[in-house]
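Number of protein chains: 2
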Amino acid sequence: MKAIVNVYLKQGVLDPQGKATLHALESLGFTGVKDVRIGKQIVLELDASNATEAKAEVEKMSQTLLANTVIEDYNIEIVQ
Amino acid sequence: MKAIVNVYLKQGVLDPQGKATLHALESLGFTGVKDVRIGKQIVLELDASNATEAKAEVEKMSQTLLANTVIEDYNIEIVQ
Chain A
1 MKAIVNVYLK
11 QGVLDPQGKA
21 TLHALESLGF
31 TGVKDVRIGK
41 QIVLELDASN
51 ATEAKAEVEK
61 MSQTLLANTV
71 IEDYNIEIVQ
Chain B
81 MKAIVNVYLK
91 QGVLDPQGKA
101 TLHALESLGF
111 TGVKDVRIGK
121 QIVLELDASN
131 ATEAKAEVEK
141 MSQTLLANTV
151 IEDYNIEIVQ
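Taken in sequence, the protein lines are chains A and B.
Numbered according to our numbering, the first sequence spans residues 1 to 80.
Numbered according to our numbering, the second sequence spans residues 81 to 160.
In short, the hints are calculated from the structure, not lab data.
Some chain A residues flagged as far from chain B (calculated, every beta-carbon gap over 10 Å): (1) Leu14; (2) Pro16; (3) Ala51; (4) Val79.
Subject to a maximum C-alpha distance of 20 Å in a straight line, what follows is the list of computed SDA-like cross-link-like pairs (lysine to any residue): (5) Lys60/A with Val113/B; (6) Lys2/A with Leu65/A; (7) Lys55/A with Gly112/B; (8) Lys82/B with Phe30/A; (9) Lys55/A with Met1/A; (10) Lys34/A with Ser129/B; (11) Lys34/A with Met81/B; (12) Lys34/A with Gln121/B; (13) Lys60/A with Asp115/B; (14) Lys2/A with Ala100/B; (15) Lys55/A with Arg117/B; (16) Lys114/B with Leu65/A; (17) Lys34/A with Thr144/B; (18) Lys40/A with Arg117/B; (19) Lys82/B with Asp73/A; (20) Lys82/B with Thr31/A; (21) Lys114/B with Ile76/A; (22) Lys82/B with Gln160/B; (23) Lys2/A with Lys90/B; (24) Lys40/A with Ala104/B; (25) Lys40/A with Glu125/B; (26) Lys82/B with Gly18/A; (27) Lys114/B with Ala104/B; (28) Lys34/A with Leu145/B; (29) Lys34/A with Val123/B; (30) Lys34/A with Ile158/B; (31) Lys99/B with Asn68/A; (32) Lys2/A with Asn86/B; (33) Lys99/B with Glu45/A; (34) Lys55/A with Val7/A; (35) Lys120/B with Tyr8/A; (36) Lys114/B with Leu89/B; (37) Lys114/B with Ile4/A; (38) Lys40/A with Leu22/A; (39) Lys55/A with Leu105/B; (40) Lys19/A with Ile84/B.
Ideal Cβ positions, reconstructed from N, Cα and C, are used throughout, including at glycine.
All chains should be modelled from the sequences, with the hints used to inform the complete structure.
Structure follows, in structure tokens:
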């Protein structure tokens, strides 16, 4: 079973990597971009058969390691 | 209009950040994880009205700046 965890900065938290990308896009001539935010996409290959249990386990992993919940939010998607 | 670009390392390219995360999860007692791969999720706020044109534009951005196509693959999703 595969789990995808998207970790992104909370609204209002400054994203310097996103800002740098926005300016780089502008200087390359891409003028239609208003904002860029950059997050992480973590793909986990799990040894689990039950999607509900897998999601609960990945929730725990996100809380303890994958996301810094002070400044980041995350969402979990179970596939297959 | 919002575009989401997921950038991930190609199959076969070593992912040290993913490996480190896998070992950290194991040492925290999460034993059911077989593999971890870490990619980027880039969220772009676009000044566009047409989804097809927006996707073509984001495709160009991905090729020129957002992804290193030698070692990375990407997929584009247009939302709203």
